[in-house]
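Protein chains in written order, with our numbering: chain A, 1 to 360; chain B, 1 to 324.
Errors might be hidden in some of the hints.
Calculated pairs, DSSO-like style, for lysine-lysine (alpha carbon to alpha carbon, straight line, at most 30 Å) [stated by the list, open to error]:
1) K324/A <-> K214/B
2) K324/A <-> K173/B
3) K184/B <-> K324/A
4) K305/B <-> K324/A
5) K305/B <-> K288/B
6) K288/B <-> K324/A
7) K74/B <-> K324/A
It is worth saying that the hints were derived from the structure and are not from the lab.
Okay, here's what each chain looks like letter by letter:
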Amino acid sequence: MNTPSSAAAQDSLFTRLRRHQILIPLAALLLLALFNLIIDPSFFSISLRPNNEGVLLLSGNLISILDYGSELAILALGMTLVTAASGGQDISVGALIAISGSITLRILSGAQSDAMILPAFLITCAAAMLFGAFNGSLVAFFRIQPMIATLILFTAGRSVAAWINHNEQPFVSSERFPYFGGYLPGIPVPTPLFIALFCFLVTWLLLKFTNLGLYVQAVGINEKASRLNGLNPAWIKLSAFVLLGLCAGVAGFIKVSRTASINYSVIANNIEMDAILAVALGGNSLSGGKFNIGASVLGAYVIQFLTTTLFTLNVQSDSVSAYKAVVVIILVVCSAPTVREKLAALLKKRRAPKQAGQSA
Amino acid sequence: MNVRGFFSAALSALIFPAVLSGCGQSGSGSDLIRVGIINNDPNESGYRTANVNDLKKTFTKENGYDADFKYSMKNDEQIAFAQKFIQDEVDYLLLSAADTAGWDTVLQDAKTAGVKVILFDRIIDAPDDLYEASIVSDMVKEGETAVEWLKNQKLDQYEIIHIQGHLGSAAQKGRSEALEKTAKELGWTIVTQQSADWSTETAQQIVQASIDAKKQFNVIYAENDDMAKGAAAALDKANISHGVGKDVIIMGFDCNKWALEKLLAQEWNYDGQCNPFQSGYLDDTIKKLENGETLKEKTIYLDEKGFDAATITQADVEKYGIGS
Numbered sequence: 001m002n003t004p005s006s007a008a009a010q011d012s013l014f015t016r017l018r019r020h021q022i023l024i025p026l027a028a029l030l031l032l033a034l035f036n037l038i039i040d041p042s043f044f045s046i047s048l049r050p051n052n053e054g055v056l057l058l059s060g061n062l063i064s065i066l067d068y069g070s071e072l073a074i075l076a077l078g079m080t081l082v083t084a085a086s087g088g089q090d091i092s093v094g095a096l097i098a099i100s101g102s103i104t105l106r107i108l109s110g111a112q113s114d115a116m117i118l119p120a121f122l123i124t125c126a127a128a129m130l131f132g133a134f135n136g137s138l139v140a141f142f143r144i145q146p147m148i149a150t151l152i153l154f155t156a157g158r159s160v161a162a163w164i165n166h167n168e169q170p171f172v173s174s175e176r177f178p179y180f181g182g183y184l185p186g187i188p189v190p191t192p193l194f195i196a197l198f199c200f201l202v203t204w205l206l207l208k209f210t211n212l213g214l215y216v217q218a219v220g221i222n223e224k225a226s227r228l229n230g231l232n233p234a235w236i237k238l239s240a241f242v243l244l245g246l247c248a249g250v251a252g253f254i255k256v257s258r259t260a261s262i263n264y265s266v267i268a269n270n271i272e273m274d275a276i277l278a279v280a281l282g283g284n285s286l287s288g289g290k291f292n293i294g295a296s297v298l299g300a301y302v303i304q305f306l307t308t309t310l311f312t313l314n315v316q317s318d319s320v321s322a323y324k325a326v327v328v329i330i331l332v333v334c335s336a337p338t339v340r341e342k343l344a345a346l347l348k349k350r351r352a353p354k355q356a357g358q359s360a
Numbered sequence: 001m002n003v004r005g006f007f008s009a010a011l012s013a014l015i016f017p018a019v020l021s022g023c024g025q026s027g028s029g030s031d032l033i034r035v036g037i038i039n040n041d042p043n044e045s046g047y048r049t050a051n052v053n054d055l056k057k058t059f060t061k062e063n064g065y066d067a068d069f070k071y072s073m074k075n076d077e078q079i080a081f082a083q084k085f086i087q088d089e090v091d092y093l094l095l096s097a098a099d100t101a102g103w104d105t106v107l108q109d110a111k112t113a114g115v116k117v118i119l120f121d122r123i124i125d126a127p128d129d130l131y132e133a134s135i136v137s138d139m140v141k142e143g144e145t146a147v148e149w150l151k152n153q154k155l156d157q158y159e160i161i162h163i164q165g166h167l168g169s170a171a172q173k174g175r176s177e178a179l180e181k182t183a184k185e186l187g188w189t190i191v192t193q194q195s196a197d198w199s200t201e202t203a204q205q206i207v208q209a210s211i212d213a214k215k216q217f218n219v220i221y222a223e224n225d226d227m228a229k230g231a232a233a234a235l236d237k238a239n240i241s242h243g244v245g246k247d248v249i250i251m252g253f254d255c256n257k258w259a260l261e262k263l264l265a266q267e268w269n270y271d272g273q274c275n276p277f278q279s280g281y282l283d284d285t286i287k288k289l290e291n292g293e294t295l296k297e298k299t300i301y302l303d304e305k306g307f308d309a310a311t312i313t314q315a316d317v318e319k320y321g322i323g324s
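Next up, chain B with everything else stripped away, as it sits in the complex (with noise of 0.2 Å):
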């Protein structure tokens, strides 16, 4: 990792120049609204990428926006990019930081440049006057909700796998600590609890090792799609029936198409969602600062869903699937 973090330091000293010099050509005396957007890369994910379209799809000259789009996964090279549309001069800095450490100092910039920074998808560790407004996921609701619906189903006893995403990010922590508090005060069983760092067939190994060690369970609780397929994948081949009147309860987040696809075939029984969809939160932000109102709150949480598969519509899974 830290040679990663060498080379990629290495990579943006040389490409920065290039950079500064490419984008030169902004400061047209237009009325639109000028918004420097910092993201992380559309390769990250699925639901970076449902995110990225979302943004691209909003923020158009039509809707009366002058955007441009940085992408990077490295914090150091987002703070170069958050400088660049400083001195460029842009009203509305958006931005989805990929570490939650060190903005202090260039947000600073901005509010000296006048700069309005408004977060989006994630927080970072900074004093909430350095911004407007965060539009965020709130991963412990998410959870809380994955949880409730549990709960609602009246199993006579719980016995859960609990795999876990990439421990420390903020999904991982909000989704854990919502089924770690639950079952501590209703007395559930978490027979397993491994991280699978969002892999699929990491998922699959924990929970062949959860049967091939003879231990009882009718609960899967995966932190995000992918790892729910791996633990599907380890119970099929065991003859294990799971999704909706059968033996296993099959719980996922992100709302992959794919996923909620499972839900509506009923193999699987709830997926929570993780909204993509943010340009909408942060097109009505601006809106309101333009017209000089005053926000409400500074964080403005997502709404979000949780689907379950007895209820779940095609329509559904064409409005909400991430992906093709």
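Looking at chain A on its own, in the form it has when it is part of the complex (with noise of 0.2 Å):
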């Protein structure tokens, strides 16, 4: 091992991280973390606690943000395949949820045993891909932008949802379905976090083992070249409006499991415009082509995680949203491909000459 070469193979690591756009959700959040640090270092402990029911579970500032951050960081999968495939976003999300959340209450307050749990949950997603299939034809095949597309649900979206349940308050008594908004017995980790562990992973290997990564970003970045290339972009677009729709039924499952309630104009309240913020913070182009599905992922976190934050510090209520905003101003901004360009070039700048003199 002489010098020279391991110097090259630091570079290469340094660039390949500079290079790795989760390197931004990630700084993100060590700046969040550090800020946290100073203020109150209590805030990341983490406790093994009783419930009311002497069930010992896991409590802390850590395990609320990765329990509570769980809807937006599956939300933040699918919108970030929509948002590589189609160059647009869906800003029906939040009122899919409610639908879905609706669906599922539907189903289970007409049941008597929780065997009805599994059907309710299916007949959910089917429901919700359907709504995203909806949405992703009038996209792939009508040609319209996303945000005009989605916006019809986004509208109706409430109302629907209110109507599924005739606008009254379903009571559901099944013991087991609180299950998926909180604990399953004997494990201390909320379920939420499991839930969207498992959807990652499983998008993951889909992208890690199928072309479907590939595709999207084809189409993403150059409709027209895909299409020569043999690629059907219509229905590339649609797929990943289908797994944005089943990402939003998974969403409102838990979210209704959570408190087994509805409340239909309130339930996952602007949740989408968070979601596209995930994906937005995850250094994700929002015109589409190159994604990272992690980053978004991280991206969502941080979102939590800044919310946890501002509670904890019991800012004054109505200022919350003006340092949300201003937070969110710096990140998006620190994230934006223009400035990281001009600042890796800065970087490279004053690197340069150290080098040389190294290698001198």
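Hints given; two lone chains; assemble the complex.
This is the structure:
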């Protein structure tokens, strides 16, 4: 091992890291963590405490962040694919969560046994995928801008959700249903975390072992060129929207499981904006093309980290949104491709003379 | 939000011609009192559903009314409905406005056309000679009733988690104002004050964050039932007891039936009513105006109760609980 080669290895690692977009949400996360560490180190304490039924559960801010960030993380997976394939965003996911949750509760409120949970979950997912396909076909076959196409469901979704249950509050008696938004018996870690992890793994494997990722990227970068290469852009866009629908279905199922109730106008309010923000924080191009689902998921947890931090600091309630906005502006500006390029160029310039000096 | 506003405007532009042409069968020569009712969307909340159902029960042909109902949560749509009702020359226009601003012109038109306007549930920013009466909840009084109840609990110290509704809404302002005022006067500590935007889950996160930060508290003042429910869930998770004679007092508002059942089960301590049953007041006011009486007061406040877990009965739950 002589010095030049190890320096070269270091350099390549450095460039690789720099090029890797996951660095942006990671840096944001570390920044938030550092901030909390300075304010109050006990922010990170995790303890095993019994709940009111004497079951031991892990609790602490980190657990809360991982728990409550789950739905957003799941949505970020689908939103990343839609963004990459169509170069636009789906703004109807909040409404679709309301519909999914409403369907789940409708099925379970009539059911007597826990055996209905699985069918309820499957029907919810199927219905959510259908709505995703509706959005997708507007985008893929009618070539409507994604934001305009999904405005339809965005506007109508919550009324549809209310209509499914005749605008009443369904009562669910199932004992096992709350497991999915709470805890499985004997496991002190919140279930939504496992579901989010599972969704991430499935998506990751799907992208690794099929060509879907490559196709999505190709369509997002240049639709015409991908068609000339034998891809069918319409079907790829459609499948991205269907996958996002599935994500919204799963998220809706978790959301209603948390409280076994639903408020049609409030549930998952503005979550679509957070999901889009997660994609942006992940350093993905919002006009389509290259993407990284891991970075988006990390972006989702950054948003939840920020929310929990603001709750813990107990900043005045009427200025919470302002604080959030300031942090988001900083993060988004830092992750903007132009700023990143400038920074990278700056770093390179500063490193170049140093390396020259070393090798001489 | 802007996007939503834009779309609703576009949508309403599409819908209105249909509405205008679709309801031309009015003008029957019967002696029914013709009423145009503009309300918010019944899907908005359980409260609104109860409100709408109550109105529908009272304003029937049997009770001497020819009533037409229009629903929207958009101010511009509501104003268009009002204009249509004025063109149709209804006798009374009953209005629960989506927004406080923008009603001056259309109400002036109503006055010129001789249509009597009665506001219910929500007030508007318009000169009060433009309407006959307004029948509303006194949100500050709701808050005061609740805070008075809390004062009477005579706790050794008051350490309160205050979960607010959507900031700027009338319910949030009134209910917050009462608590903040008394807390200042009596030296109560407000440990945490955050808005959960009426959401169960956000309320749960706020209380969870307070527990994780090891804050001491013995009262949760949530400005609606949904948020009180979220707070209770966070307490359950951390093994903090709540309810009558327990560590933490839970207070909610709106009197949903399921919430009153929590009171009955002694898991919560207090629930303040926001009265959706307004049709009786409206009916009464219209009868008075028809008989040529003058109203004693322009603003009529709804009678609203506060329920204490120690005294609530099953009958109260059945009578005052909203929803199924």
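Do the hints match the structure? See the list:
1. K324/A <-> K214/B: Distance ~24 Å between K324/A and K214/B Cα, so the pair holds.
2. K324/A <-> K173/B: With Cα atoms ~23 Å apart, K324/A and K173/B stay inside 30 Å; holds.
3. K184/B <-> K324/A: holds (28 Å)
4. K305/B <-> K324/A: violated (38 Å)
5. K305/B <-> K288/B: Since the Cα atoms of K305/B and K288/B sit roughly 26 Å apart, the hinted pair holds (cutoff 30 Å).
6. K288/B <-> K324/A: Not OK: K288/B and K324/A at ~53 Å, beyond 30 Å, violated.
7. K74/B <-> K324/A: holds (28 Å)
The structure shown violates the earlier hints numbered 4, 6.
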